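Residue numbers (our numbering), protein chains in the order written: chain A, 1 to 304; chain E, 305 to 580.
Honestly, the hints are just simulated from the structure, not real lab data.
Note that the coordinates shown come from a computational prediction; the quantities given were computed from them, not determined experimentally.
Think of the CB as a built atom: it goes at the ideal place given N, C-alpha and C, for glycine as much as any other residue.
Hints should not be assumed to be uniformly reliable.
[Stated by the list, open to error] Here are the in silico distance ranges between beta carbons for each label pair:
#1 Glu-97/A <-> Glu-361/E: 15 to 21 angstroms
#2 Ile-45/A <-> Ala-432/E: 58 to 64 angstroms
#3 Val-98/A <-> Glu-349/E: 47 to 53 angstroms
#4 Thr-430/E <-> Pro-249/A: 50 to 56 angstroms
#5 Asp-457/E <-> Gln-55/A: 45 to 51 angstroms
#6 Pro-37/A <-> Pro-337/E: 35 to 41 angstroms
#7 Arg-168/A <-> Lys-438/E: 42 to 48 angstroms
[Stated by the list, open to error] Here are some chain E residues the structure puts well away from chain A; computed CB gaps all over 10 angstroms:
#8 Ile-347
#9 Val-362
#10 Lys-438
#11 Ala-447
#12 Ser-557
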Amino acid sequence: MTQIVLSAAWLAFLFGMAWYVALLDGLWAAARERRSPRAPLANPIYRCAAVLRQQPNRTEAPDLLNWRLAPALYAGLAGTGVALVPFSSVSVLADLEVGIVWWGAVEALTVVVVFLHGWSANSQFGLIGAYRYVAIGLPVMLISMFVLIAAALPAESLALPQIVESQRGLWNVIRQPLGLPLFLLLGLSLSFRGPFNYADSADVAGGTAAEVSGAPRLVWEFARLAMLTAVAAMAASVFLGGYLGPWLPGPAWLVLKTAAVLLVLVCLTEQLARISPSRMMTLIWTVLLPLSFVHLVWAGVLAL
Amino acid sequence: MGGVPYGRMMPMPPTPDIRDGLALDVYRTQVGPFMPYWPAGLILEVTFQGDVIQSAEVVQPPYPPRDIDREPFDRLLHEQTPLAQIERTRATHHLVCIARVLSLVELPTLSRQAQIVAARIRANETVAIGPLRKAAARAGLMAAIKPGLGRIDDDLACELGGPVRRAAGHVLDSRNDDPTYTRLGFTPVTQKQSDCQARVAQWFDEAEQALALASAAPHILIAQGQLAEPPWALRAPPLDYRVTELLPGLEWSEALLVLNSFDSAALCRMGSLETP
């Protein structure tokens, strides 16, 4: 019974937060254009219906199996990430001793799945988007691993519930101030948004999704929002104390903290221009990656 | 290319990548004639290594700029035209160009805002460009464009004329010789670097200046037959210099930024076939 309730909560969380991000995107665009938003609450639903009504597209000689599977796998990876997050001290859908390692696998497989999506369409812009995503996604994943290992040190455990419990006295965002900002970059990279949109950007006519329409397109767009949700929920748990907090029940705190992180991620998406892939690579390898290593050493010294 | 490549092998490059020496699969593909942020009609045969352009060749030149865009500059040849209308058209043209660049650096909402401002200027509404420019600066528009990207030499800038020439630092503007503009204290704005950053900055500066002129002289008419500086490059026969010479060694995103830092008239002159 508990597993059924948890599964329902997991589904509601994934879809609810994806809808919330779509809502925020719509509100931001309306504010920027100085107009009142049009049916803001229902607009994400209308957009889903509009995408579903599109004529399905088919390229010449695609790798059809991988092309069709990639959106579903991407959504599945996002769902796996959310399943690791504890809603309370006793409510976690996938209670693994090595939750952080599992999350690392989610990140690595996301790079594979996004590449497959771009490669298998047999389209030049999909392939360029895929190449660029791998080049940026791999080093960002390394940053994330350093940051997450640093967060696991005070807990002396790789399990997410233990990492949350280790923050009863002090949240990791205070103890390890560089961790959350570095981890948020991963969120933008894994869902290729704003300054980290190298896979599906305007300059490659939509990139890995350039040739995708109809239901596969809807799944792909949902998966991007779901992956952003997974990163936000993970950030809320690892750095902001997850379900911990006074007065409200644990799940409510997790939802609130995840929503706050998502708001920051949407702001970053809309507020930062994207630099060229080679300059981003230089920034990651020469500045952000060393910074994350310093962060890990700092966390290690504190944990001694 | 991905997918099922008809049984053909992926050829490895005969030479290292021209940028960093990293060998990746070489593939040739045609790009164009229609895609977002691409000069309409242009078809290039491009050789890629990863996302870096190794070489490019014009297969079909871009379409010439639309005649409708030449209003009210063509009308001025036959009848008196309000200065404000000329300058509003200039601001609109530049904002549409800026909107394309904003989209290319993944600032779609700012791009949409630029388009809305352009539409409002076209509808004779009073709008300021300052807030848009500040928002773009805060978002890092200029930082997103690598300094020196798409730099052209002085000779080419002078040949192309218009904002491209002024972005190279040349104070050449036919409005300088117009007594109406002189009375309004007009002085051409210029940049120095003659690269993408400079051309985008030039569009912003000229658009702001155009709106200031339009609001300073809302009812002044320019006599027919006067030569008014248009907001685009000189419309003249194709040049020997080709746009494809700018692209090798650039990543695809940089290449599109370079292409979109020129107006359609300039691209048309640089996008001719080998034997114009």
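Given as non-interface: Ile-347/E, partner chain A, CB spacing beyond 10 angstroms:
13 angstroms, holds
Would the non-interface assignment of Lys-438/E survive a Cβ cutoff of 10 angstroms against chain A?
Given that every Cβ of chain A is farther than 10 angstroms from that of Lys-438/E, nearest at about 13 angstroms, it holds.
Classify the label on Ser-557/E as holds or violated, using whether its beta-carbon is more than 10 angstroms from each beta-carbon of chain A.
Contrary to the label, Ser-557/E does not stay out of reach of chain A, its closest Cβ about 5 angstroms off (not over 10 angstroms).
May I ask you to test the hint 15 to 21 angstroms on the CB atoms belonging to Glu-97/A and Glu-361/E?
Taking Cβ atoms as reference, Glu-97/A and Glu-361/E lie about 58 angstroms apart, which means the hint is violated.
Can you tell me whether the CB distance of Val-98/A to Glu-349/E sits inside 47 to 53 angstroms?
51 angstroms, holds
Supplied distance hint 42 to 48 angstroms, evaluated on CB atoms of Arg-168/A and Lys-438/E
44 angstroms, holds
Looking at Ala-447/E again, its CB stays over 10 angstroms from all of chain A?
7 angstroms, violated
Kindly confirm whether 45 to 51 angstroms is satisfied by the beta carbon distance between Asp-457/E and Gln-55/A.
48 angstroms, holds
Starting from the hint 58 to 64 angstroms, judge whether the C-beta atoms of Ile-45/A and Ala-432/E obey it.
Check failed, 36 angstroms falls outside 58 to 64 angstroms.
Mind verifying the non-interface call on Val-362/E? Its CB should be farther than 10 angstroms from each CB in chain A.
Holds: least Cβ distance 18 angstroms, greater than 10 angstroms.
Does the beta carbon distance between Thr-430/E and Pro-249/A stay inside 50 to 56 angstroms, or does it fall outside?
53 angstroms, holds
Would you say the C-beta atoms of Pro-37/A and Pro-337/E sit inside 35 to 41 angstroms of each other?
Between Pro-37/A and Pro-337/E, where Cβ atoms are some 37 angstroms apart, the hint holds.
Checked against the numbered hints above, the structure breaks hints 1, 2, 11 and 12 and satisfies the rest.
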